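Using the sequences and the hints given, assemble the complete structure.
Sequence order for the protein chains is A and B. Be aware that the first sequence starts at 1, since it is given in the working numbering, and climbs by one per residue. Be aware that the second sequence starts at 1001, since it is given in the working numbering, and climbs by one per residue.
Hints in this document: simulated from the structure, not taken from any laboratory. Some hints here could point you the wrong way.
[What the hints assert, rightly or not] Lysine to aspartate or glutamate pairs mimicking EDC-like chemistry, simulated, CA-CA at most 16 Å apart:
1. A:Lys219 with A:Asp22
2. B:Lys1207 with A:Asp22
3. B:Lys1312 with A:Asp150
4. A:Lys209 with A:Asp187
5. B:Lys1078 with B:Glu1133
6. A:Lys211 with A:Asp187
[Claimed, not checked] Here are the simulated distance ranges between beta carbons:
7. A:Glu90 with B:Ile1296: 13 to 23 Å
8. A:Arg58 with B:Leu1126: 42 to 52 Å
9. A:Trp111 with B:Gly1010: 23 to 33 Å
10. B:Tyr1313 with A:Met1: 26 to 36 Å
11. A:Lys121 with B:Pro1082: 33 to 43 Å
12. B:Gln1274 with A:Glu90: 50 to 60 Å
13. B:Tyr1313 with A:Glu90: 16 to 26 Å
Since the structure is predicted, the reported quantities are computational estimates derived from the model, not experimental observations. Where a beta carbon is used, it is the ideal one built from N, C-alpha and C, also for glycine.
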Amino acid sequence: MLLQVEKLTKRFGGLVAVNEVDLTVEKGKITAIIGPNGAGKSTFFNLISGFFPPTSGRIRFQDQDITRMRPDQVARLGIARTFQTTHLFEQATVLDNIIVGYRLRTRSGLWDAIFRTPRLKKEERESREKAYEALEFVGLTGMADRLVADIPQEAKKRVAIALAMATQPSLVLLDEPAGGINPEETDGLAELIRKMVQSGLTICLVEHKMKMIMNLADKIMVLNHGTKIAEGTPEEIQKNPAVIEAYLGGGADADNQAT
Amino acid sequence: MRISVAKRYGTLALLAIAILFPLVVQREYFIYVMTLGYIWAISVYGMNLLAGYTGQLSLAHAGFFAIGAYATGILTVKAQVPFWPALLLGCIITAIIGFFVGLISLRTKEHYFAIFTLCVGFILFLLIERWDELTEGVRGLIGIPYPGAIGPITFESVTSQYYLVLFFLVLTIFVIYRIVNSLVGRSFIAIRNSEELAQTIGIHLMKNKLLSFVISTFFAGLAGGLYASFVRFLGPGIGNITVTFDMLTYLLVGGIGSMAGPLIGTLLITWITQSLQFLQDYRMIIFGPILVLLIIYMPYGIVGAARTLWAKYKLRKALPPEMKAPAVKESLQQVEEGSKS
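Written out as structure tokens, the structure is:
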């Protein structure tokens, strides 16, 4: 058990964005979270990665309570994440975007910077190496020196994943990794996610592309109106009446729900 | 981020020009104006680290400049502390006050931060103006001594002060350059780029912003201290909000978030202001529209515009006419490969 979420609840005023959700993420597996728009998926991610504190409930990561930790502390413990929009620095090169990913494993401070101490030089070299490794992993070494603004959307998604990898995580949260890219590219990205798992990472992802999820996930959790309505293998989820209801039947009114 | 050969020679050439300047120009008044320009540039470099590289626009900068100036001035005039320890203490006092101001003001973000620091700047100005016993208020602090002699070298002539200030300017640029081009600077730039993303890759926002804020105020204090010993008279006006906006103008004209921007912007505007002296306050009629046009068409200032031109030139050079077709094909292929892999 890498990550254990117990009765996690988040209220924004009168709105319950996430309502008593339990989830366990097993090491080396792909766990997917699906649900209609506004079901609370992104909020759920934001709670795990420490962006806002939950109203109640508990989050444990590697037997450590991370419920009230800041995002940077969570990152240091080994949880990385990507965003729906990549947030990359468009005017810098791909490599420069990724080098800073290893920063959290380095200790150089102001004096090291001003006097260019051996420690700084060593850590800068390491950061560069880790960035190259991450780029190699996602298959973008050829684009290392291109500006992020000049590379295709799908490559940007890969850069965002490379940046997450550069932090040396054990769990990676991917928020709609295949959003805004075409079907072939989606297959390529699914391949990359499998490769991440093979290299020993654990993946938890939010995604709308059902075909991709059904082929990829070991376990799926379905959220609707902030509440978990189903959990199981892709086969179980596809047959689950509550899920079919949420997606096709009961007119899920997404408008008054926070994303 | 490695230095290219051209940049290195360019920097050395600039330094040579700066060293030769007093010998060539000879007119003391010009040397005086240039020295004052360097002092402002030191302060603008501090502003650039925080606003340009860390993305936090503080409008209290002139307040910290004034703290540095008054701390150095009061220590030398009223407490009879020799200049050099007074200058060092001035910088440290500014940085300490900067630390506490930063600790509070950095809890706000973006435009709230700008407005909050604007208020802090105004409070600092008022404190200096009203605290008569300490600062002499509107009468001003007079009789600030020249920088103390170092061995046989004295700093009583304008030319010798020019070289002293030049030394500190070079030191400032060097230190800022080292910070920006290190892992520390990368953390700052990551915060400027996206606070959300910076946090998720493990960057502690408050710690890094505060560090940048304190360094920024330190250089404002250094510039202030040098100003005190150079002009040798201090009035509360140097802490006025308009001074902050002057510095911001230098930064925007030169190029925010670039290494050369503060120097180019400060010196250019200093000299334009000098040559438009005859217009008095009406020179703003010229400055205003130029600034508006600049913000619209050159949002990254002169350095930014030069960079864009240079990139275009290199692209054109990379594609000579006979090569154009295959080269374009190749780059198209690269794009395709990128989207497939």
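Problem - Non-conforming hints, listed in increasing numerical order - result: Violated hints: 2, 10, 12; rest satisfied.
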